[in-house]
Amino acid sequence: MARVVVNVMLKPEILDPQGRAVQGALGRLGLTGVTDVRQGKQFVIDLDGELDAHRSATLDKLAGELLSNPVIEDFTLTVSD
Amino acid sequence: MARVVVNVMLKPEILDPQGRAVQGALGRLGLTGVTDVRQGKQFVIDLDGELDAHRSATLDKLAGELLSNPVIEDFTLTVSD
Amino acid sequence: MPSAQPDLEQPFAELGLKPDEYERIKEILGRRPTSSELAMYSVMWSEHCSYKSSKVHLRQFGEKAPKTDALLVGIGENAGVVDIGQGWAVTFKVESHNHPSYVEPYQGAATGVGGIVRDIISMGARPLAIMDPLRFGAANAPDTHRVLPGVIAGVGGYGNCLGLPNIGGELVFDESYAGNPLVNALCVGSMRHEDIHLASAKGVGNLVVLYGARTGGDGIGGVSVLASETFDADGPAKRPSVQVGDPFMEKLLIEATLEVLHAGLVEGIQDLGGAGISCATSELASNGEGGMHVWLDRVPLRDASLSPEEILMSESQERMCAIVTPGHIDAFMEICAKWDVEAVVIGEVTDTGKLVVQWHGEEIVNVPPRTVAHEGPVYERPYHRPSWQDALQANEPTASVIPRPESGEQLKETLLQLIGSPNLASKTWVTSQYDRYVLGNTVLAQPEDTGMIRIDEETGLGVAIATDCNARFTKLDPYNGAKLALAESYRNVSVSGAIPLAVTNCLNFGSPEDPEVMWQFAEATRGLADGCLELGVPVTGGNVSFYNQTGETAILPTPVVGVLGVIDDVERRTPMAWNKDSDGELIYVLGDTSDEFGGSEWAHIHGHLGGMPPKVDLQREKLLSEILVAASRDGMITAAHDISDGGFAIAIAEMAMRAGTGARLWIPDNIEPFIFLYAESTGRAVVVIPRSEELRFTEMCAARGLPAERVGVVDSGLGVDSGFPGEQVIVMGDYFTLTLEQLRETHEATLPAIFNS
Amino acid sequence: MSARIDSVRIGVVTFPGSLDDRDAARAIRIAGGEAVELWHGDSDLKNVDAVVLPGGFSYGDYLRCGAIAKFAPVMSLIIEKAHQGLPVLGICNGFQILCESHLLPGALTRNDHRHFICRDQKLRIESTDTFWTSDFEVGQEIVIPLKNGEGGYVADEKTLDQLFAEGRVIATYQEVNPNGSYRDIAGISNARGNVVGLMPHPEHAVEALTGPSLDGIPFFTSAVRALVGAS
Ligand SMILES: Nc1ncnc2c1ncn2[C@@H]1O[C@H](COP(=O)(O)OP(=O)(O)O)[C@@H](O)[C@H]1O
Ligand SMILES: [Mg+2]
Chain A
2 MARVVVNVML
12 KPEILDPQGR
22 AVQGALGRLG
32 LTGVTDVRQG
42 KQFVIDLDGE
52 LDAHRSATLD
62 KLAGELLSNP
72 VIEDFTLTVS
82 D
Chain B
2 MARVVVNVML
12 KPEILDPQGR
22 AVQGALGRLG
32 LTGVTDVRQG
42 KQFVIDLDGE
52 LDAHRSATLD
62 KLAGELLSNP
72 VIEDFTLTVS
82 D
Chain C
53 MPSAQPDLEQ
63 PFAELGLKPD
73 EYERIKEILG
83 RRPTSSELAM
93 YSVMWSEHCS
103 YKSSKVHLRQ
113 FGEKAPKTDA
123 LLVGIGENAG
133 VVDIGQGWAV
143 TFKVESHNHP
153 SYVEPYQGAA
163 TGVGGIVRDI
173 ISMGARPLAI
183 MDPLRFGAAN
193 APDTHRVLPG
203 VIAGVGGYGN
213 CLGLPNIGGE
223 LVFDESYAGN
233 PLVNALCVGS
243 MRHEDIHLAS
253 AKGVGNLVVL
263 YGARTGGDGI
273 GGVSVLASET
283 FDADGPAKRP
293 SVQVGDPFME
303 KLLIEATLEV
313 LHAGLVEGIQ
323 DLGGAGISCA
333 TSELASNGEG
343 GMHVWLDRVP
353 LRDASLSPEE
363 ILMSESQERM
373 CAIVTPGHID
383 AFMEICAKWD
393 VEAVVIGEVT
403 DTGKLVVQWH
413 GEEIVNVPPR
423 TVAHEGPVYE
433 RPYHRPSWQD
443 ALQANEPTAS
453 VIPRPESGEQ
463 LKETLLQLIG
473 SPNLASKTWV
483 TSQYDRYVLG
493 NTVLAQPEDT
503 GMIRIDEETG
513 LGVAIATDCN
523 ARFTKLDPYN
533 GAKLALAESY
543 RNVSVSGAIP
553 LAVTNCLNFG
563 SPEDPEVMWQ
573 FAEATRGLAD
583 GCLELGVPVT
593 GGNVSFYNQT
603 GETAILPTPV
613 VGVLGVIDDV
623 ERRTPMAWNK
633 DSDGELIYVL
643 GDTSDEFGGS
653 EWAHIHGHLG
663 GMPPKVDLQR
673 EKLLSEILVA
683 ASRDGMITAA
693 HDISDGGFAI
703 AIAEMAMRAG
713 TGARLWIPDN
723 IEPFIFLYAE
733 STGRAVVVIP
743 RSEELRFTEM
753 CAARGLPAER
763 VGVVDSGLGV
773 DSGFPGEQVI
783 VMGDYFTLTL
793 EQLRETHEAT
803 LPAIFNS
Chain D
153 MSARIDSVRI
163 GVVTFPGSLD
173 DRDAARAIRI
183 AGGEAVELWH
193 GDSDLKNVDA
203 VVLPGGFSYG
213 DYLRCGAIAK
223 FAPVMSLIIE
233 KAHQGLPVLG
243 ICNGFQILCE
253 SHLLPGALTR
263 NDHRHFICRD
273 QKLRIESTDT
283 FWTSDFEVGQ
293 EIVIPLKNGE
303 GGYVADEKTL
313 DQLFAEGRVI
323 ATYQEVNPNG
333 SYRDIAGISN
343 ARGNVVGLMP
353 HPEHAVEALT
363 GPSLDGIPFF
373 TSAVRALVGA
383 S
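Residue numbers (the numbering used here), protein chains in the order written: chain A, 2 to 82; chain B, 2 to 82; chain C, 53 to 809; chain D, 153 to 383.
So here's chain A without its partners, still in its complex pose:
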């Protein structure tokens, strides 16, 4: 059993309308001093058995090709058991 968490964020140079909207709303609702908000996606992937090198490589590849679009997004991948 392994749990892999992939976080996907828009690259800093790409406009993030959702983050902007959240930033505005937080301010209006009383949270002061917010300088930036970015909104991304999080995938929590549960896997059977060991995460061997082969599956690990597949996962890494798919995180970059399927779960994120390298043209506009960056991702991070963390494994926990």
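Some hints could be false.
Below, in silico cross-link-like pairs of lysine-lysine (PhoX-like), each with a Cα-Cα straight-line distance of 20 Å or less [said to hold, decoys possible]:
#, chain 1, residue 1, chain 2, residue 2
1, C, Lys107, C, Lys78
2, A, Lys12, B, Lys42
3, C, Lys254, C, Lys406
4, B, Lys62, B, Lys12
5, A, Lys62, A, Lys12
6, B, Lys42, B, Lys12
7, D, Lys274, C, Lys632
8, C, Lys70, C, Lys107
9, D, Lys310, A, Lys12
Chain C regions said to be covered by chain B (calculated; three or more residues, Cβ under 8 Å) [claimed, not checked]:
#, segment
10, 155-164
11, 295-308
I should point out that these hints are in silico values taken from the structure, not numbers from a laboratory.
Beta carbons are placed, not taken as given, at the ideal position from N, Cα and C, and that holds for glycine.
Assemble the complex: chain A is given as a structure, and chains B, C and D with the ligands must be docked to it using the hints.
Frame of chain A; chains B, C and D with the ligands shown alone:
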């Protein structure tokens, strides 16, 4: 300067069609043994100055009211500096 | 027999059953119900599923139904089916998702759309379009700001993703809906006559197939329990479980269902809505051979820990149930696989007269299905005319109560105030979030009076649908208010040139346990049934939503009425506005105008609600409709627009803005300008007539006894003389002049200003 | 309208969740071509001369629009043939799929105002040197429906400069930028001009009865004419 990360996930009993779609795609693209995928949102919030008790409380409240809908979602909040 | 545990106290009250209802279950079964049986009865006997408070009143729709050959399937099925000729039939229905939308606006509205669409598919029809009559609290109230954007995004999110054009709806603000927004959704679909399918389990030995999404723990008892109770005054604190919709799954479900239906693989079919598997199995069995055996442990689950009671009650979305012969089952499964839709045989049709449910070999339900599905409790709820009704009706908005504008300047200001008020402002902020083009058959959509779609590309056969209800009228006089809602909807269909054919309705009211609310309900249903009889259009189906109240305060009684009309060739439709080639064409008002302001939009913006609603004259409505249809058929008119909310001035302003061309108008001598411009007398429409047709048209009106008065002319060249060179203007006699630009700015700014922040 | 030229076969791919596939087929017929249904699971392009990837929500648009569709069996064939010159038009969701497949540069993101938007949109045709726009004139203004939730075209500065420099921006938004697209870009092509992606929907502007104009037809007649010429 503080950075707060809020992760929002659908409650386990709530249908997650996106997670399901990702699970299907991962399988078709060669990742074996995926037992579950949940897709959530991640907010990365940058704040000016100290995160004092008052702002911390506001943030906690807004994470539960604005960033997530407690009817269908759970959230976690972590602070890093 | 399923084993009972006699020592256990049964939680019938928590499940929403009354003590005498629980006693009746014991009487039916001759023993205590098992927990699974109790679960089934409780959801099926809920107000939402059993119509126990409304049944005695709804009967009138059948008893007073006008004679018609158009009805192929009547009330009682998932949706009525109407013959529109040339071998085509259409089915349409409106349903509410009010309570879930208050709790979780996006998902509540989305699943509301999903549910009504499945009703339409389950008749064998291809869904073609969506409409969404909506009501919210005051536009600027904080809770409206929370609820409305989510509801709009949800209606759009689901409908757009499903590929159904949104062709119209309503958006009304009134304080009475604060805490009780109304989210009604209408779907229309079409089919060939031979494709009509009914929800019945016929043929002993046939298989019961559950297909679509997996069953989860979301929305257990949601719709039924949620829709059958009043919210606490402190709102959504008590948050029951809601469902999350998956429109993509629904799209696959539609395609797979239509394919199995057209391949002739289905004996009977039923959607899973409120009360889930309990409802589908008991209704199918009860409408068919009378018996069914179900292996509940075969139901595919999203959450393995669900108990059988929960599985029976779950309202997980995007599921359907079909009856399939053993010989067809492989082909059925193959089509489901093609569309990636999971399908499982969960049962078999029997003739035992019993619905038997097994769970891992143990019998957990053994009941006569009729007692679950059709023989629920029926209440004759007490009702009486509210003590305040007389005082309310006596409080007419006369000139001494609200000062009336008289000068040209005042009359102009009134127009701007009205056209910019939230109820009359442009709905583009909402409708631009909906796809109106998909499927390529949308002939008329917002802001037209009716949504019109083409059914048959070869012949141009089409249908038009409008939904309406001025609930302030219904509050002032529920009987006539319901007739007025019907009249308006009927008129909106007629102005497009379509012939009104059938009616659906969604009756949104407060608590049936309040005798005054119950009186409103009784009066409104009586009015609607009488009205339908008089107009000759049968009610084909509908929905009741009770308990729309916060604490003691009920919403305005809101019987939303949808009228469907047929048009033999959509090419001859009449649009609401003149066009760029209309210069010199004549503007006529049809019908009579009198001093009627009770419940009007003008009174509303002055915070007044009282007096009597406008008179309703259904014979006049019928005549008006016949004239409008004849004029469309013979090409006598360029445009027609009904006069309702805000009166004549609003109708003209809407036409001019849509056309982009101005007009010169004059006010008849024999009437006070304010009354002519703003009264909401019914049975009226504005028509635009080419000069060459004037004589023929007015002679037709005279011969049939419909008042027709020439009140203006389309004129694109009024700018210079009226001091606005280069602009399109409307000139209202000697009273005022307004540029279309001014009108448009006022009309379009309101909703964005409120909801874009 | 030209007579039906049955020799011109244009495939329309249906993915699970495609919505405007029937409309695209209707537009092809109106333009005089023969519309051929292609299924996402097909491993054969049925000898079509060109392909339209229609609008809709393939795979529910879950994950990212077009992200899952690019892995469909039929897409690997289309990607391969497109590199060899097969004409492909991606409309809306089809445009998103083409970007995800890297047949076109850049990406489409959430509208800047965060709402789905459906409106009659004015465009200016910027390039007629493509397979799908040759029946227009440069500078021609047209109005066709636009309807999308994620239609904001984004790419890095270098790519944007290059697209304009090479005449690969085929249409720009006029009067209103409806979704925050960088430099008002509504549609682009690949270098060869056979692959075109367009956010608004020409297939909804092919009949006076149901569309705001007939301005969508030339996209399809361009292809039909070029293919007739070629055969
Ligand atoms: N919630 C909505 N969804 C879709 N269309 C709507 C909605 N609300 C209003 N509309 C459309 O806006 C137009 C104006 O609405 P309304 O003034 O209520 O029409 P009418 O008075 O003719 O019934 C109509 O075309 C109507 O269908
Ligand atoms: Mg109207």
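### Task
List in ascending order the numbers of the hints, as given earlier, that are violated by the structure.
1
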